[in-house]
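Participant: Please construct the entire structure, taking both the sequences and the accompanying hints into account.
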Amino acid sequence: MNLATKDIRHNLGRFALTTVGVGMLLMIVMGMGGIYRGIIADATLLIDSVGADLWVVQRDTRGPFAELSRVPQNLVHRVYAVPGVTASREFVYHTVQRQRDEKALRMAVLGLSWPTDKGEWIQLTAGRSLKQNHFEMIADKSLGLAVGEQIKLGKETYTVVGTTSNMISSGADGIGFVTVADAQAIQFDVPGEAVRLERASRYARGESSEVGIKQPALLENASKPSFELPTTPRAQISAVMVTVSPGADVNEVARAIAGWGDVSVYTSSEEREFLLKGNVEKVRRQIGLFRVLLTVIAAIIMALILYTLTLDKIHSIALLKLIGAPNTVILGLIVQQALVLGVVGFGIAFLIGQKIFPMFPRRVILTNPDLIQLGVIVLGISVASSLLGIWKAMHVSPNEALS
Amino acid sequence: MNQAADAELAIETKSLTKIYGSGNTEVVAMRDACMKVARGEVVALLGPSGSGKSTFLTAVGLINPPTSGQVFIRGQLILDADQAQVNLRSFRRQHIGFVFQKSNLIPFLSAIENVQIAIELNGQSSRVARQSAQKLLDDLGVGDRADNRPSMLSGGQQQRVAVARALANNPSIILADEPTAALDSHRGRQVMELFAQVAHEHGAGVIVVTHDHRALDVFDTTYEMEDGRMFQPTHSQPN
Chain A
1 MNLATKDIRH NLGRFALTTV GVGMLLMIVM GMGGIYRGII ADATLLIDSV GADLWVVQRD
61 TRGPFAELSR VPQNLVHRVY AVPGVTASRE FVYHTVQRQR DEKALRMAVL GLSWPTDKGE
121 WIQLTAGRSL KQNHFEMIAD KSLGLAVGEQ IKLGKETYTV VGTTSNMISS GADGIGFVTV
181 ADAQAIQFDV PGEAVRLERA SRYARGESSE VGIKQPALLE NASKPSFELP TTPRAQISAV
241 MVTVSPGADV NEVARAIAGW GDVSVYTSSE EREFLLKGNV EKVRRQIGLF RVLLTVIAAI
301 IMALILYTLT LDKIHSIALL KLIGAPNTVI LGLIVQQALV LGVVGFGIAF LIGQKIFPMF
361 PRRVILTNPD LIQLGVIVLG ISVASSLLGI WKAMHVSPNE ALS
Chain B
1 MNQAADAELA IETKSLTKIY GSGNTEVVAM RDACMKVARG EVVALLGPSG SGKSTFLTAV
61 GLINPPTSGQ VFIRGQLILD ADQAQVNLRS FRRQHIGFVF QKSNLIPFLS AIENVQIAIE
121 LNGQSSRVAR QSAQKLLDDL GVGDRADNRP SMLSGGQQQR VAVARALANN PSIILADEPT
181 AALDSHRGRQ VMELFAQVAH EHGAGVIVVT HDHRALDVFD TTYEMEDGRM FQPTHSQPN
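The listed protein sequences correspond, in order, to chains A and B.
For the first sequence, full-length UniProt numbering assigns the number 1 to the initial residue and increments by one for each residue that follows.
For the second sequence, full-length UniProt numbering assigns the number 1 to the initial residue and increments by one for each residue that follows.
Rather than coming from a laboratory, the hints here were simulated on the basis of the structure.
A portion of the hints provided could be inaccurate.
[Stated by the list, open to error] Which residues of chain B face chain A? A partial, calculated answer using Cβ under 8 Å:
id	residue
1	85
2	89
3	92
[What the hints assert, rightly or not] Computed cross-link-like contacts, DMTMM-like style, restricted to lysine to aspartate or glutamate with a CA-CA straight-line distance of at most 25 Å:
id	chain 1	residue 1	chain 2	residue 2
4	A	118	A	198
5	B	102	A	312
6	A	6	B	144
7	A	6	B	138
8	A	118	A	101
9	A	6	B	8
10	B	102	A	400
11	A	277	A	156
12	A	155	A	101
13	A	392	B	82
14	B	36	B	201
15	B	36	B	8
Glycine residues also receive a C-beta, built at the ideal position from the N, C-alpha and C atoms.
Facilitator: Below, the structure written as structure tokens:
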């Protein structure tokens, strides 16, 4: 006869409520782990899916995922000329925030190297890749933009031609894919008044310079658009992504590019590591500590629940001792209930989590190894938390059955 | 007394003394209590509250060992002062049945399960234990309430289930502490007669602590306790 199940059935309502409570607590522990996995997956999604073997970034910086990196746009051609390189693409990536339908819309803008890269590598949920150099966008569904919708960014209006799912930045902002030219136009867009002021300022600086005084004709150029002036620097990009030819040695190519004095070269896994060690590390530790705290709290609460459940049947335990029940029977009664509480609570946590986690603003990813690890921890704390109840039960005298 | 004669005794206690506390707080709850109960004998233990009856019963029941004295069951020395000569819990399970003032059933088990658990603890399979439990309940007239939990049974029915549990393992001795206190006189007498029947049919020694003088004729022997001392009233004669 299984005394644990008999007792549970006798107090089914209370036990069920208790188990649901424990389940909700475990769901939070489970969710914290899932949030951590989600942050990692979101942060590394771009690096993992963009398909670059090497990243060429500003010298002595760790690249665009760790810090600000600026390299000239023509670097993409220099890199392409290196033996072993089969493709090189500009990487332009920045975040914008605009008002749309009276709500703040944050978007990570990623530039695609048109025409080399039209976004064919992006997994679309609807629509198509880019088909022209300007004014088309592939948007993540988290941005709330459907195929055919238009959005004004800077001075231009972009039409959404494709949508993706779960393509978000490490800051959980949905990614909008446009061409590099459009990404730069969005990034460096300035109002007309600012352009006029800059030209006037340029003219004033020319007037006071020796060159301007000796050659007044040059001052006429100062009022022209900046892209017409050869001395004005071109817009820069964040990095260059390199695809190495099949069979070529990635390290050899990296060494060749690293020999240039103005850039640093990293493999994709190194960039991934920089990202995780930089932006994500503190979040990981914060969530990890919070998770440990929650686990400890869950263990304490479970211990108190099991202790209370044991106290409730202390008379029955004394009676069992009186009629000669060995300690294993009493121990089994308490430990089995603890395990039922933990296992059913874990199941409830999983089931409720499956319904609730998709509603969270950021992805909550439950991986099998994490679930197994938590399951083992739950079994451990179930047994550990029953120790207090067991201690009480072992110290009950059969005499108490007589009182 | 020779070995054969000892074996005929269900219970024998020699000079049981129980002292609680020490020094100024010392209380002698029981002093030199001696009793012999033959197999098939039903003994009543009378006495006012606080006289030491329950202390004696718990000592014989191997729950609360005496400070000094000896307890023999079926001729075997079980307790020498507080020194156990056997595994007490295991011995209780196999040889002693308890009935209390309150029925003391396990609330989360049905009537039949309360009896069944006692048999299962003694090593019987669940199926055999259930059959035996049902038979005992039938014998005691509560077979039709087998699947009811204690809270669904009347006081008398609960007490009969408790008696069934006490009899479950065909014990050498049955110890009952005011088993009829919660029953009306008719039910109380029925329970007392049940003890007598069990003792005579199964050869068990039965000690019943009681205040109920109306059913004393059921008992073979009467002992009394007062201020921790045990004695046999002069009018008590074994049948």
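Participant: Decide, hint by hint, whether the structure agrees.
Facilitator: Cross-check of the supplied hints:
{"no.": "1", "hint": "85", "in the structure": "16 Å, violated"}
{"no.": "2", "hint": "89", "in the structure": "5 Å, holds"}
{"no.": "3", "hint": "92", "in the structure": "4 Å, holds"}
{"no.": "4", "hint": "118(A) to 198(A)", "in the structure": "34 Å, violated"}
{"no.": "5", "hint": "102(B) to 312(A)", "in the structure": "18 Å, holds"}
{"no.": "6", "hint": "6(A) to 144(B)", "in the structure": "21 Å, holds"}
{"no.": "7", "hint": "6(A) to 138(B)", "in the structure": "23 Å, holds"}
{"no.": "8", "hint": "118(A) to 101(A)", "in the structure": "29 Å, violated"}
{"no.": "9", "hint": "6(A) to 8(B)", "in the structure": "41 Å, violated"}
{"no.": "10", "hint": "102(B) to 400(A)", "in the structure": "13 Å, holds"}
{"no.": "11", "hint": "277(A) to 156(A)", "in the structure": "37 Å, violated"}
{"no.": "12", "hint": "155(A) to 101(A)", "in the structure": "18 Å, holds"}
{"no.": "13", "hint": "392(A) to 82(B)", "in the structure": "23 Å, holds"}
{"no.": "14", "hint": "36(B) to 201(B)", "in the structure": "19 Å, holds"}
{"no.": "15", "hint": "36(B) to 8(B)", "in the structure": "10 Å, holds"}
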